[in-house]
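Based on the hints, put chain B in the right spot on chain A.
Those protein sequence lines, which keep their order, are chains A and B. Okay, so the first sequence: first residue is 1 according to my numbering, each after it adds one. Okay, so the second sequence: first residue is 267 according to my numbering, each after it adds one.
Any given hint could be a false lead.
Derived pair list, reagent style DSSO-like, types lysine-lysine, alpha-carbon separation capped at 30 angstroms [what the hints assert, rightly or not]:
| id | chain 1 | residue 1 | chain 2 | residue 2 |
| --- | --- | --- | --- | --- |
| 1 | B | K343 | A | K15 |
| 2 | A | K54 | B | K281 |
| 3 | B | K481 | A | K77 |
| 4 | A | K15 | B | K323 |
| 5 | B | K395 | A | K129 |
| 6 | A | K129 | B | K481 |
| 7 | B | K320 | A | K15 |
| 8 | B | K281 | A | K15 |
| 9 | A | K215 | B | K395 |
| 10 | A | K215 | B | K343 |
| 11 | A | K57 | B | K281 |
The calculated label-pair distances, taken between Cβ atoms and stated as ranges, are [to be verified]:
| id | chain 1 | residue 1 | chain 2 | residue 2 | range |
| --- | --- | --- | --- | --- | --- |
| 12 | A | G157 | B | D521 | 35 to 43 angstroms |
| 13 | A | R218 | B | P476 | 42 to 50 angstroms |
| 14 | B | M509 | A | P139 | 23 to 31 angstroms |
| 15 | B | S313 | A | R72 | 32 to 40 angstroms |
| 16 | B | R447 | A | D226 | 49 to 57 angstroms |
| 17 | B | M509 | A | Y142 | 21 to 29 angstroms |
| 18 | A | S68 | B | E436 | 48 to 56 angstroms |
| 19 | B | R531 | A | E101 | 22 to 30 angstroms |
| 20 | B | D414 | A | I45 | 46 to 54 angstroms |
| 21 | B | S313 | A | R46 | 29 to 37 angstroms |
| 22 | B | G457 | A | R102 | 39 to 47 angstroms |
None of these hints come from the bench; they were simulated from the model. Idealized CB from N, CA, C, for every residue including glycine.
For reference, the chains in residue letters:
2 protein chains.
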Amino acid sequence: MGSLSFVGLGLCDEKGMSLYGLELARSADIVLIETYTNIMPSLNIRSLEALIGKEVKMVDRHYIEDGSHLLRTASEKDVALLVPGDPFIATTHVELRVRAERRGILVRVAHAPSIISVAPGVVGLQNYKFGRSATITFPDNYSEVPYDTIIQNRRAGLHTLLFLDLRAEEGRYMSVQEGIRLLMEMESRRGEGAVCPDTLMIGIARAGSPDQLVKGGRAEDLASLDFGPPPHSLIVPGRLHFMEAEALEVLARVDRSLLSKYVERV
Amino acid sequence: MGSLSFVGLGLCDEKGMSLYGLELARSADIVLIETYTNIMPSLNIRSLEALIGKEVKMVDRHYIEDGSHLLRTASEKDVALLVPGDPFIATTHVELRVRAERRGILVRVAHAPSIISVAPGVVGLQNYKFGRSATITFPDNYSEVPYDTIIQNRRAGLHTLLFLDLRAEEGRYMSVQEGIRLLMEMESRRGEGAVCPDTLMIGIARAGSPDQLVKGGRAEDLASLDFGPPPHSLIVPGRLHFMEAEALEVLARVDRSLLSKYVERV
Chain A
1 MGSLSFVGLG
11 LCDEKGMSLY
21 GLELARSADI
31 VLIETYTNIM
41 PSLNIRSLEA
51 LIGKEVKMVD
61 RHYIEDGSHL
71 LRTASEKDVA
81 LLVPGDPFIA
91 TTHVELRVRA
101 ERRGILVRVA
111 HAPSIISVAP
121 GVVGLQNYKF
131 GRSATITFPD
141 NYSEVPYDTI
151 IQNRRAGLHT
161 LLFLDLRAEE
171 GRYMSVQEGI
181 RLLMEMESRR
191 GEGAVCPDTL
201 MIGIARAGSP
211 DQLVKGGRAE
221 DLASLDFGPP
231 PHSLIVPGRL
241 HFMEAEALEV
251 LARVDRSLLS
261 KYVERV
Chain B
267 MGSLSFVGLG
277 LCDEKGMSLY
287 GLELARSADI
297 VLIETYTNIM
307 PSLNIRSLEA
317 LIGKEVKMVD
327 RHYIEDGSHL
337 LRTASEKDVA
347 LLVPGDPFIA
357 TTHVELRVRA
367 ERRGILVRVA
377 HAPSIISVAP
387 GVVGLQNYKF
397 GRSATITFPD
407 NYSEVPYDTI
417 IQNRRAGLHT
427 LLFLDLRAEE
437 GRYMSVQEGI
447 RLLMEMESRR
457 GEGAVCPDTL
467 MIGIARAGSP
477 DQLVKGGRAE
487 DLASLDFGPP
497 PHSLIVPGRL
507 HFMEAEALEV
517 LARVDRSLLS
527 KYVERV
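Only chain A is shown next, with the shape it has when bound in the complex (with noise of 0.2 angstroms):
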């Protein structure tokens, strides 16, 4: 009887793994990584490898999609799979956990910090005053998505969180500047005024990494700040606490004058 052991290295590097996810890496028979989902801007494979005691071998997409050579392994032996982030917010791994448990193979998770708590956090942003949030995609794949959403969440004084697109395969990450002229493409196209050049908007880059940048202020002079180093990601706040105001003058370098225009009146 073989088992399948989902393991989540976070954000940064082979450390953001938790304890309990390197007794299942250790423990296990076969160790596989995929780093198609999202990208660990530190990740060290040798290290990796070093820390577990074993080699640790790289899975495509097509492998993971298809599942079946895995599936196959994991009903006859112990397989660690080693993902970016918390292993079940890309929708690929749920499915193959789906598939899994149909085939009664025993499933063991090992969470991780995931960019969709990690953010809220960092800026300093209330989680429960966050709608939906959105992928701004690459233009060869446009969706007016998160202008949409943006305008939803704004009308309910919510906060909205955008994931930047990413190719992994093809080393292609978006920046915040390419996606705040994306956002203010979709305005000019649209016209309902989600976005402007005076709009507060917050970009993040490595986020829960040591060099971890968070930086807000109008979107204009945020389009020309380069964040660094991938992965990035762009917060869009709606109205603000007072108390969360005061948190991004300190944590995202906001100016005092340009919150005042959000925070809520009580």
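Frame of chain A, contents of chain B only:
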């Protein structure tokens, strides 16, 4: 010069801490832990001390919220504060961080899994289809926010994650049963059809623990089910993608007949 390290412990026990978090705790002069912002079902302070190799001192709500002794200490020594879940989901830790940064204290952060990112994944629902979340509070702190949130999210086809109130100091934790009963009471007061006995809900107990329990079904049926020890949380799905329906069938053992009403027609 001192420092303040926020170290998330995750959702279950001391092994939810990341390897980076363990490093921060081991290298600190003083290690504190608070356990009032959330409950970790299997945390053992003795095992935690053995792992870290030093005494772990429990501090209470007043100590954290007041913060003055903690910040004074962290201006001179390296202090690690261990917290349940991810460090910055609780507003009180964000406030502490802001105060520390204002004083020029070096802040380090080891993120960890949070119920916010774990809950959608373990039931197999897609993260970007969640609207805002809300907390069902105990009746002596009555609020209809969760009721309104379900209505607003469902109108947009979105899922709702509901946190269930807790008062760790009093050992009081709301159960899935109690949460559903309180929603039903709001329904009889408001009568807007947010929840009815047939509404699909998913109860989650001890998310992220090896003895995690995920079970979905009709609200009325779940309301008579014992989910065991805390913590619990509740999801009220909106419209379902067929892959989400399939995941709910396997991961939350929901009857296919109940799911079909919720699946989006493409």
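* **Structure-inconsistent hints, enumerated in ascending order** => Those not satisfied: there are none.
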